[in-house]
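Fit chain B to the supplied structure of chain A, relying on the hints for placement.
As you go down the protein sequences, you meet chains A and B in turn.
Just so you know, we're using our numbering here: the first sequence kicks off at 1 and counts up by one.
Just so you know, we're using our numbering here: the second sequence kicks off at 1001 and counts up by one.
The set of hints was computed from the structure by calculation and includes no laboratory data.
Keep in mind that this is a model prediction, so the values were computed, not measured.
Here a beta-carbon is modelled for each residue, glycine too, at the ideal position from N, C-alpha and C.
Honestly, I wouldn't trust all of these hints.
Claimed, not checked - Label pairs and their computed distance ranges (CB to CB):
1) B:D1466 / A:S234: 46 to 56 Å
2) B:I1440 / A:K242: 48 to 58 Å
3) B:D1466 / A:E14: 27 to 37 Å
4) A:S86 / B:H1376: 24 to 34 Å
5) B:K1566 / A:G151: 36 to 46 Å
6) B:E1439 / A:A127: 44 to 54 Å
Said to hold, decoys possible - Here are the computed lysine-lysine pairs in the BS3-like style, where the Cα-Cα straight-line distance is at most 30 Å:
7) A:K97 / B:K1165
8) B:K1485 / A:K152
9) B:K1302 / B:K1241
10) B:K1591 / A:K149
11) A:K150 / B:K1367
12) A:K189 / B:K1473
13) A:K107 / B:K1571
14) B:K1485 / A:K91
15) B:K1369 / B:K1346
16) B:K1569 / A:K124
17) A:K152 / B:K1473
18) A:K192 / A:K79
19) A:K170 / B:K1473
20) B:K1367 / A:K91
21) B:K1468 / A:K107
22) B:K1591 / A:K107
23) B:K1515 / A:K79
24) B:K1569 / A:K97
25) B:K1168 / B:K1143
26) A:K192 / B:K1473
27) A:K149 / B:K1485
28) B:K1566 / A:K91
29) B:K1571 / A:K97
30) B:K1457 / A:K21
31) A:K107 / B:K1165
32) B:K1566 / B:K1473
33) B:K1473 / A:K180
34) B:K1457 / B:K1497
35) B:K1468 / A:K149
36) A:K152 / B:K1457
37) B:K1268 / B:K1280
38) B:K1468 / A:K170
39) A:K97 / B:K1485
40) A:K107 / B:K1485
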Amino acid sequence: MENVNVLVVEDTPEESNALIKVLEANNYNIIGVATTFKSALDIFYNKAIDIVVLDIFLNGNPDGIAFAETISVTPNASKPFVFLTSSTDRKIFERAKLTQPFSYLMKPFNELEILYALEMAVEKFYAQPDVFLGDDEDTIISSEYLFIKKGKSLKKVLLTDIIYIEVEEKYCNIITEKEKFVILISLTKISKLLDDSMFSRTHRNFIVNTEKITEIIPSDNLILLSGNHKATLSDTYKDILKNVRTLK
Amino acid sequence: MVIFLDIFVFMYPSLFKGIVNVSFLVVMFSGYFLSSQEEHKTDSFDLEVKKKIEQYKSYSYFYKAGMFFIENNWDSTLVYSMRHLNTTKQNIELANYSHYFRGYSLNEKKLYQEAQKEFDLVSSEFKFNFIVKKRLAEIALEKDEFEKAISYLIPLTKLPEEHYKYFKKTEVFQNLGICYIHLNEFDKAESYLSESTKLSKERKDTLKIISAYGNIAALYYNQYKDDLAIPYFKEAYELSKNIDNFETKRIATLNMAVVEENRKDLRKALEYRKEYEKWKDSLNDQNKIYEVAQIEKAFAVKQKQQEVNLLEAENKSKIRERNGLLYSALTLLILLGVALYYYKEKSKANKIIVAQKEDLDALNATKDKLFSIVSHDLRSSVNALKTSNNKLLDNLEAKNLDALDEQLQNNSAIVNGAYNLLDNLLHWALLQTNQSYFEIAPIRLFSIVEQTAYNYKPLMLENNIDFKNDVLKSDSIFADQESLKIILRNLLDNAIKFSKPNGTIKVYTQSTNEKYCDLIIEDSGIGMQESTRLALIEDTISLAKKENKNSIGTGLGLQLCKSMIKKNKGKLDIESELGKGTKMIVSLPLKA
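Extracted from the complex, chain A is given alone in its bound form:
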């Protein structure tokens, strides 16, 4: 599991330092701090960013909103972002609100509030509401990552790192090359949101990353995966064989 990368766009050093302190204490990775609109765009386009925390007012101008507007219209580049503001000015908020999905954090804020705001931003951005606040789920699936709530902070797992997923009732065991952990997510949701071309169901309880298959032994109903992992292949899901490149 990796830490989530956060870009902080904030022109006041004290504020950004306080923010960074809280975020780092909660295992977020601060990938950059920008103080202007331009530097923010620079970092945004050059680094792998998961969430942007962005002050509405940069040097007295609502450049934060302009930044949000800019990244919102860039296809495939947009990321979840949180507006950070001390202003309660209605007009500015109305404008900020137009940059959907809209998540904000009011200054002064405490640790819980900033963490909550980040989680909300991710939920809203990936359109999977009520995940982190409830008891039933703790994972959001994007096209590249699984965002998993671990304690108070968020973690991410690259989808391509996953070898297979073993479902146990409400839980899912995620097995990667290096680690093995449990997430809370419903089977229907995970099978719906995972990329079909990458993951295939082989059994009622197994979802396998097809890239990681080393060998299929139909007679034993067994699939051998990289790292010596094994998954079961049930008759219901033997269609998978058609999709696998086989030597003839």
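Frame of chain A; chain B shown alone:
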């Protein structure tokens, strides 16, 4: 014409005998004219006309024509009868009357040819056809068409007696006589004239008798039967003395003068001449008087007309004035109505304004009070910090670290209190001016309670207060996030403020209504009196007086809570028991 002939007589006395004929003709015609002028239009016929026009009053032209006919206003009669004939053609009787009016009027104007044409247009069914015939006879006579006149006149001698109401039989006989004289058929003339004389005598019509005598005399004189003629002349002359008609007197006298001249009795002739002159002058005088009278009459009529015009104009102006008054009265009335309406509207508006002013005054008073309390509190806080800072400096000098730590803790608490107060003040101002961002959205209560309580954790720990967030993670309501946080902050702040050390603060939800979720902040603190509780939940802006001297508080916090809850379409309720604790119950809607 008559005067001309008279002058002619004067100028050629030597031709006397020959001219007498002419003179006699004059006499005869004079007599004839007299009767026509005075008796053509008998009252009886006017009465008939009057009856007729009353009967046909709806034909306004006919009516007017008739009226003017009766009034002898010939021109107007002509105009209106023509108009009637042009507009109405169906009624033959009225057409006959109209033609008669026209014929008569034209005759009066001596347009004989035209008159004859009009009379000829009268159809034979006309009730008064015999009058028409008489008029035609007169016209024929005028035009010296004696035979034609006779043909008209003969039938008129044998009319039923009642017809002679409209003209005198004697006239017919006289005219016949005159015709025959002109035709030199003296026998016939004599018989008719004597018949006329007889009739006139019977009727004691002196005028007629005189003209009849004159005519008979002329008849005899023309036949050179002077002996027969002269007595008639004399008789006529004698009779004429007793009448007032100057014309008759004049002609009778002239005749006598001519007779005397012819008899060569010049002295007598001269006398008669003189008398004749006198009568002529009288006649002229009479004519002049008549003319003057006419002029005076015309003048009077004109004056009357002017008066009438003046009155009409006055009337018109009066009507105009009246209308003007009416319109102005109406306008005034409308204006008054409008003014009244606006006055009412204004007074209504004024009432509202007064009520609003009172509200505003009350609000302003509250605001002033708030202002003074808040500034007082802030002043106290800052003052406390000031003295505390001095102590800090002292302790720093003395390197009394324990005391320093204590002082800092104390300062932090003071600043926190002041900050909360300022925060509330800001939010209050934003709420009042509707400046704050407000968006109702679904909110998970547990998380919000956690976030809000997070700031109070150290304070609660310090006071040894046990805090429990028993809100279910699944509890979700609809509210604006920031205002909900402000509500919770204030309620938690109050709960801590009024808690005793080692107390408990519990936050939990309970569902009593399917539309609302009740969020309850319960403390085990000092509680409050019933009167305070009621004052707090009352729906008016009231600032509570301080009951607890040690606690900073203005009542602003709770006031803000109430306003925010209201804006979130929620409700606030308080349950409290003195000495045991307070439950603040915030009901928030489950649906948007």
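The hints, checked one at a time:
1. Checked against the hint of 46 to 56 Å, the C-beta distance between D1466 of chain B and S234 of chain A comes to roughly 53 Å, which is consistent with it.
2. Range check, I1440 of chain B to K242 of chain A: about 52 Å between beta-carbon atoms, so the 48 to 58 Å window is met.
3. The beta-carbon spacing between D1466 of chain B and E14 of chain A, approximately 35 Å, falls within the hinted interval of 27 to 37 Å.
4. Checked against the hint of 24 to 34 Å, the C-beta distance between S86 of chain A and H1376 of chain B comes to roughly 27 Å, which is consistent with it.
5. Taken as a hint, the range 36 to 46 Å holds for the pair K1566 of chain B and G151 of chain A, whose Cβ atoms sit roughly 38 Å apart.
6. A C-beta distance of roughly 19 Å is found between E1439 of chain B and A127 of chain A, which places it outside the suggested range of 44 to 54 Å.
7. Taken as a hint, the K97 of chain A and K1165 of chain B pair is broken in the structure, with Cα atoms around 119 Å apart against an allowance of 30 Å.
8. Taking the CA atoms of K1485 of chain B and K152 of chain A, the gap is near 20 Å; set against the 30 Å cutoff, the hint holds.
9. For the proposed pair K1302 of chain B and K1241 of chain B, the alpha carbon gap of about 38 Å is over 30 Å, so the pair is violated.
10. Straight-line distance between C-alpha atoms of K1591 of chain B and K149 of chain A comes to about 28 Å, which keeps the hinted pair within the 30 Å bound.
11. Distance restraint check for K150 of chain A and K1367 of chain B: the Cα-Cα separation of roughly 49 Å exceeds the 30 Å cut-off, and the hinted pair is therefore not satisfied.
12. Note on K189 of chain A and K1473 of chain B: the hinted pairing holds, with a Cα-Cα distance of about 21 Å set against a maximum of 30 Å.
13. At roughly 27 Å between alpha-carbon atoms, K107 of chain A and K1571 of chain B fall within 30 Å of each other, so this suggested pair holds.
14. At most 30 Å may separate the alpha-carbon atoms for a hinted pair to count; K1485 of chain B and K91 of chain A meet this at roughly 21 Å.
15. Taken as a hint, the K1369 of chain B and K1346 of chain B pair is broken in the structure, with Cα atoms around 33 Å apart against an allowance of 30 Å.
16. For the suggested pair K1569 of chain B and K124 of chain A, the alpha carbons sit about 25 Å apart, so the restraint of at most 30 Å is met.
17. At roughly 15 Å between alpha-carbon atoms, K152 of chain A and K1473 of chain B fall within 30 Å of each other, so this suggested pair holds.
18. Restraint check for K192 of chain A and K79 of chain A: satisfied, since their Cα atoms lie roughly 22 Å apart, inside the 30 Å limit.
19. Distance check on the hinted pair: K170 of chain A and K1473 of chain B sit about 18 Å apart at the alpha-carbon level, within 30 Å; holds.
20. Under the criterion of a C-alpha separation no larger than 30 Å, the hint pairing K1367 of chain B with K91 of chain A is consistent with the structure, at around 26 Å.
21. Restraint check for K1468 of chain B and K107 of chain A: satisfied, since their Cα atoms lie roughly 26 Å apart, inside the 30 Å limit.
22. Under the criterion of a C-alpha separation no larger than 30 Å, the hint pairing K1591 of chain B with K107 of chain A is consistent with the structure, at around 28 Å.
23. Note on K1515 of chain B and K79 of chain A: the hinted pairing is violated, with a Cα-Cα distance of about 37 Å set against a maximum of 30 Å.
24. Of the supplied pair hints, the one linking K1569 of chain B and K97 of chain A holds, its CA atoms being roughly 22 Å apart against a limit of 30 Å.
25. For the suggested pair K1168 of chain B and K1143 of chain B, the alpha carbons sit about 22 Å apart, so the restraint of at most 30 Å is met.
26. As the CA atoms of K192 of chain A and K1473 of chain B are separated by approximately 26 Å, the hinted pair is consistent with the 30 Å bound.
27. For the given pair, K149 of chain A sits about 24 Å from K1485 of chain B by alpha-carbon distance, which is consistent with the 30 Å threshold.
28. With a CA separation close to 23 Å, the supplied pair K1566 of chain B and K91 of chain A stays within the 30 Å bound.
29. The straight-line distance between the Cα atoms of K1571 of chain B and K97 of chain A is roughly 28 Å, inside the 30 Å bound, and the hint therefore holds.
30. At roughly 20 Å between alpha-carbon atoms, K1457 of chain B and K21 of chain A fall within 30 Å of each other, so this suggested pair holds.
31. This hinted pair does not check out: K107 of chain A and K1165 of chain B have alpha carbons roughly 131 Å apart, beyond 30 Å.
32. With a CA separation close to 25 Å, the supplied pair K1566 of chain B and K1473 of chain B stays within the 30 Å bound.
33. Restraint check for K1473 of chain B and K180 of chain A: the C-alpha separation of about 28 Å stays at or below 30 Å, so the hint holds.
34. Restraint check for K1457 of chain B and K1497 of chain B: the C-alpha separation of about 13 Å stays at or below 30 Å, so the hint holds.
35. For a cut-off of 30 Å, the pair hint linking K1468 of chain B to K149 of chain A stands: about 23 Å separates their Cα positions.
36. Restraint check for K152 of chain A and K1457 of chain B: satisfied, since their Cα atoms lie roughly 17 Å apart, inside the 30 Å limit.
37. Between K1268 of chain B and K1280 of chain B the CA atoms are separated by roughly 18 Å; this keeps the pair inside 30 Å, and the hint holds.
38. Of the pairs offered as hints, the one joining K1468 of chain B and K170 of chain A holds, with about 28 Å between alpha carbons and a cut-off of 30 Å not exceeded.
39. In summary, the hint linking K97 of chain A to K1485 of chain B is supported, as the alpha carbons are separated by about 20 Å, within the 30 Å threshold.
40. Under the criterion of a C-alpha separation no larger than 30 Å, the hint pairing K107 of chain A with K1485 of chain B is consistent with the structure, at around 13 Å.
Checked against the numbered hints given earlier, this structure breaks hints 6, 7, 9, 11, 15, 23 and 31; the rest are met.
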